[in-house]
Every structure is written in structure tokens, then in C-alpha cells.
Amino acid sequence: MEPVNTLCQDGESEGGVLAHLEKLEVQMSRSHKKSEELPRVQRDENVLRTKIHELRHLRDKLRAEVKRRQARVKACSANVETNQTAEISEQQVLEKQKENVKAILQAYRFTGLSGKLTSRGVCVCISTAFEGNLLDSFFVDLVMEKPPWIHHHSIPVFIPLEKIAAAYLQSDLQRFLFSLCEYVNAYSGRKYQADRLQSDFEALLTVPLQRNSLCNLLSFTYKVDGRDQSFSFSARLLYEDLTATLPTDVTVTYQGMEASTHWEEHRASHEILFRTKPLHQVFASFSKEVEKLDLSLVS
Amino acid sequence: MAFEAGGSMDAEAREVRALEAEIAALQRRCQELPAPGEKPSGVRYVVPVHPSGSPIRKSCQKLPQSDSEGWESSKDLRSHLGHLKSELSFLSTLTGFNIRNYSKKIEAVTNTEVTEEGTTKVLQRHRLSGNCNMVTFQLEFQVLEIQTKEKLSSAITDLNIIMEPTEYSELSEFACRAEERRDLLMFFQSLHFFVEWYEYRKHTFKHFKEKYPDTVHLPEGACSHCMEIHSTSRPGFELVVVWRIQINEEGKVSPKLDLLTKVPQRALVLDKNRVIETAPSSFQTLLGVLGIEAALDSLIKLLCVGNN
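Same order as they appear, the protein sequences are chains X and B.
All residue numbers for the first sequence refer to our numbering, where the first residue is 1 and numbers rise by one.
All residue numbers for the second sequence refer to our numbering, where the first residue is 1 and numbers rise by one.
One should not assume that every hint holds.
[To be verified] Straight-line C-alpha distance at most 25 angstroms; calculated BS3-like pairs for lysine-lysine:
#1 K102(X) <-> K262(B)
#2 K96(X) <-> K262(B)
#3 K262(B) <-> K272(B)
#4 K116(X) <-> K262(B)
#5 K98(X) <-> K272(B)
[What the hints assert, rightly or not] If the Cβ cut is set under 8 angstroms, some of the chain B residues that face chain X in the computed set are:
#6 A13
#7 Y102
#8 I106
Read the hints as simulated data drawn from the structure, not as lab findings.
Note that CB positions come from ideal geometry on N, CA and C, so glycine has one too.
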């Protein structure tokens with residue numbers, strides 16, 4: 001019987017396997033003749049068992065050989081295929097990478113600062129939001145020379161851009177951008193609150209909302225229904241800190257003539273409310289039971 | 001007996017026939033595949049074999065068309081990709097945010113819901129991860145876009161934030177607040193300022209440690225949140241400056257420095273002018289007047305005087 005190793009090593013492996021089978025057949029016929037002396041049934045049984053044993057052995061060898069050859073073919077053809085399709089799959093890879101990078105660049109707008117490189121520098125886009133509501137975007141087109149300067153921009157005129165630029169643009173670009181972000185974002189947030197007040201709670205405003213373009217000075221008169229009566233209040237909100245979306249100074253005054261024991265409590269609590277909660281949310285809470293609200297806040 | 005023998009003989013005979021058939025099939029297979037000495041001819045498809053031994057005549061891998069219409073050539077792609085990568089690198093340096101992974105999915109469920117008056121709603125799911133200096137973040141959020149006749153409005157309807165490292169309690173509190181308000185922008189902006197202050201604190205403490213190596217001790221190493229000032233001439237006298245970085249309700253980041261004194265009992269008794277007692281509040285005044293660096297410097301010099 002030929003040893004297993006030769007199946008792999010020489011080119012006559014196929015011949016080796018077939019020759020092996022031939023040898024097996026010869027062996028079987030020999031053993032068949034030999035076992036003719038034994039009782040027929042036993043002889044046949046022995047023969048079969050031996051044959052099965054041999055056949056299994058051969059089958060396992062063939063299985064292994066087929067596996068080996070298949071693996072080789074796969075490896076070789078993979079190489080050839082790789083060479084042929086190398087260029088195309090490289091394109092696919094590059095294309096995928098490109099889409100990936102593009103997507104990440106887009107994702108930067110969620111951080112508030114994104115941008116595109118230009119021939120002279122970068123065009124930075126400042127995205128604003130207020131409590132999850134995505135609002136306007138503004139851009140600043142920078143020329144990256146030493147020192148950098150602003151080519152053009154869409155920042156509203158009432159934002160102190162020149163002041164911020166004078167302070168940081170030449171020395172610390174990152175600081176300039178984040179500082180500008182603070183101002184622009186806060187303005188956007190204040191504007192959003194004022195807009196929401198006007199659109200959602202027009203019914204409650206007896207004197208319409210008055211505001212400046214920076215939305216840091218608001219005044220309005222509103223009525224609130226109490227337990228027995230309704231109160232009319234005038235509010236003046238001043239946002240001295242331009243990087244904040246809550247007012248620094250709140251004055252609520254009572255507008256009625258009638259003497260009332262309750263109005264002072266309400267007035268005081270409203271002042272606190274306006275100072276601590278976004279404007280439209282304060283009005284939203286007015287729609288709910290006024291009493292519960294006041295008592296809990298005044299204490 | 002004969003019956004049994006016949007039965008077992010049939011089983012064995014069946015097995016022999018089965019084995020012979022399998023061997024024959026394997027031999028055919030062997031013949032198809034090139035022997036180890038041969039080279040496979042050209043490109044061959046890897047043909048899968050059915051368990052019975054007969055090959056499945058079906059190519060398992062289709063080569064893509066090699067026409068390049070609509071595809072940029074590799075060279076163009078490479079340069080385009082290079083440009084995009086440098087843009088990304090620039091943005092990353094400029095903002096301090098390094099976004100490494102991002103994916104967006106349009107929700108199939110409430111995809112484009114066309115309601116009355118022609119308003120459409122689109123729900124997007126975003127996944128974003130990256131780092132800002134030593135803080136790594138993983139975000140998952142949903143954006144709901146509502147398009148009415150008048151305008152398009154977008155709002156974040158769900159926000160999940162995972163941040164590492166977790167030992168900064170101020171940061172984890174802040175992340176919770178941002179999640180509650182779905183204020184993704186505030187998260188990023190405040191994170192930037194927090195990291196800035198963190199770096200400044202680290203830099204300042206390191207500076208003082210280098211300048212006064214015997215007097216200044218940083219119990220937690222470079223990233224310590226407190227600085228101990230020891231008097232080498234008077235052991236037992238210690239000043240501890242605790243420097244916390246706070247993030248308030250609105251997301252504003254600010255430093256909070258406090259002075260703690262560690263002084264032997266006897267010294268306290270001798271302190272008629274109650275200097276030690278008033279030290280913490282005096283320190284606050286000092287901070288207001290001189291600023292952080294100068295205030296710390298003068299404080300250290302105070303204890304160093306005894307050292308000379």
C-alpha cells in the first residue's frame with residue numbers, strides 16, 4: 001500500500017489513488033479466494049467487513065485530497081481574481097471611504113461648528129439650536145493668512161462680531177469661533193423663545209410683544225386667570241448677558257386697579273419663573289392651574 | 001441465525017455499495033481539480049460541490065462589470081478622498097472635536113408620513129462617536145423633521161449620551177441634563193469649555209509643581225483636581241487648593257476654587273488675628289483681584305518664605 005504522503009508530493013497522486021484502488025480490488029479478490037476455505041457465510045462476512053474497512057479508509061483519503069485540491073484552487077483563483085478585480089475593488093473601497101468621510105463632515109453641524117475648505121481658507125458654518133430645536137445657521141468666511149481675516153459673513157449686525165474678532169481672531173482661532181458661537185447661539189435661542197411666545201400664546205398677550213433685534217429686551221402685557229379673578233401683568237425682560245438665553249433682569253408689575261390680596265404672590269412668582277425658565281415654557285405653565293404653580297414656587 | 005446473518009450481510013453490502021459510490025464520486029471530483037503539481041488554468045470560479053459528489057454548475061462569485069462609466073478613476077478618487085480627509089483633519093483641529101464614526105438611518109417605521117395639509121414627517125436616527133481631548137463620547141439621537149407648507153422644522157426627539165471617563169461627576173450630571181433637554185448642541189459647546197478648563201488646570205498645576213517642586217504636591221498626579229502646598233520649614237502647615245470645574249443648569253462652565261487649611265492645633269491657638277480662619281474667604285478676594293495664576297503664586301510664595 002502506498003503511503004499517504006505521496007498523494008501530495010508527486011504529480012502522480014491521481015494515479016496513486018487509482019492505483020491504490022486497483023490494488024485494493026486485487027487484495028479483495030485474493031482474500032476472497034483465501035477465505036473460500038472458511039464456511040461460506042463467515043467467509044463472506046469477513047470479506048465484507050474487510051472490504052468496508054478498506055473502502056472507508058480510501059474514501060477518507062479521497063475526501064482529504066479533494067479538500068486539499070479545492071483549497072488550493074480557491075487560493076489560486078482568489079489571487080488571480082484579486083489581480084483582475086484589484087482595480088475595481090480598490091475603487092469600491094475608496095468610494096466607501098469617501099462617502100464615510102463626507103458623512104462625518106456633515107455630522108459636524110451637530111456640534112455647532114462645521115465648515116468647508118476654500119481656496120483661501122475656510123468657510124465656517126455656525127449651527128444654532130435651542131433645547132433640541134435646530135435653528136438658523138450662519139457662516140463666516142475666513143482667509144487663513146497670517147493673521148487671518150474675515151472675508152464675508154452672515155452674522156447679524158447687532159452681534160458684536162468686530163469686538164470678538166478683535167479679541168481673539170488673530171491669536172486663537174478656536175476661541176474666536178467658540179466665543180462667536182456663544183453669542184450667535186444665545187441670540188438664536190432668545191429669538192426662538194420670543195417667536196414661540198408670539199405664535200403660541202397670542203391670546204394671552206393684551207399688549208403685543210415688543211422686542212429689539214438682538215432679542216435681549218422684551219416687554220409685553222399679559223393676563224392670567226387666577227382662582228377668582230384674572231390678573232394683568234406687565235413684564236420687562238432684560239438679557240444683559242448676551243451669551244445667555246435667560247434674562248438677568250426681570251420686572252413684573254401689576255396692571256390692575258382693584259385691590260387684591262393675591263396679585264403680589266403671583267407677581268413675585270412670575271418674576272422668578274421668567275428668570276429661571278424659557279419664556280414660552282413659562283406661558284405654557286400658565287395654562288395649567290395657576291394656584292398650584294404659584295404656591296410651590298413662592299415657598 | 002441465517003436470517004440474522006442475511007440481515008447483517010445486507011446492511012454491510014449496502015454500506016459497501018454506498019462507499020463505492022462515494023469513492024467513485026470523489027475520484028471524479030479529484031479528476032476535475034488540478035493535481036498539486038499542476039497550475040490552475042487562468043481564472044477559475046470556485047465551484048461548490050453537492051454532497052453527492054456532483055458539482056453544482058453555478059458560479060458563486062460574479063465579477064463586477066469593468067466598465068468605468070459613472071465611477072471616478074482610482075486616481076481621481078484618491079485625490080478627492082485626500083482632500084476630504086484634510087478637510088476633516090482641519091475641522092477636527094479647529095473645533096477640538098474628533099468625530100471618528102457617524103451613521104445615519106432614515107427610520108422605516110414612521111418614514112414619510114403624509115398627514116393633512118401636505119405636511120410630511122421624517123424621522124432620522126443618528127449615531128455618532130468620537131472624542132474631545134481626553135473625553136470620549138458615543139451619541140445616539142433621533143431627529144424629527146416636519147415639513148409644512150410654510151416651513152421646515154427639525155428637532156431632536158431623543159438623545160442618549162455615553163461618555164468616558166466616568167470619574168468626573170460634574171460631567172456625568174451634565175450629560176444627564178443634556179439628555180433630558182435633548183440639547184445636543186449644549187452638550188458639545190459645554191464639553192469644549194470643560195475640556196479647555198481641564199487642560200488649563202492641568203497646565204497650571206504642572207507649572208507650579210515644576211516651579212516649586214518641594215512645596216507643591218499633586219496628590220492625584222497631573223490630572224489632580226487639588227494642589228497641596230506644604231511648608232517644608234514648618235511641617236504640619238498645609239494649604240490645599242481645590243479647583244473644581246462646574247457646569248451650571250444653562251451649560252455654562254466655570255472654575256470654582258477653594259482654599260482649605262491644615263494647621264496644627266497649637267498654631268490655631270496662637271492665631272490671634274484669625275488669619276487662618278479667614279484664609280478661605282481672603283483667598284476668594286485674592287482670586288478676584290489677581291486672577292488664578294497670580295493668586296496661587298502668591299499663596300505658594302507665602303509658605304515658601306518660611307523655607308528660605
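Status of the hints after comparison with the structure:
Between K102(X) and K262(B) the alpha-carbon distance is near 56 angstroms, which puts this suggested pair outside the 25 angstroms criterion. This hinted pair does not check out: K96(X) and K262(B) have alpha carbons roughly 61 angstroms apart, beyond 25 angstroms. At roughly 17 angstroms between alpha-carbon atoms, K262(B) and K272(B) fall within 25 angstroms of each other, so this suggested pair holds. Taking the CA atoms of K116(X) and K262(B), the gap is near 55 angstroms; set against the 25 angstroms cutoff, the hint is violated.
Only pairs whose Cα atoms come within 25 angstroms are accepted, and K98(X) paired with K272(B) is rejected, the gap being roughly 73 angstroms. The beta carbon of A13(B) is positioned within 8 angstroms of a beta carbon in chain X (closest approach about 7 angstroms), and the interface hint is therefore held. Taking 8 angstroms as the C-beta cut-off, the interface hint given for Y102(B) holds, the closest approach to chain X being about 4 angstroms. The restraint placing I106(B) at the interface with chain X is violated, with a minimum CB-CB distance near 13 angstroms, outside the 8 angstroms limit.
Going down the numbered hints, you'll see the structure goes against 1, 2, 4, 5, 8, while the others check out.
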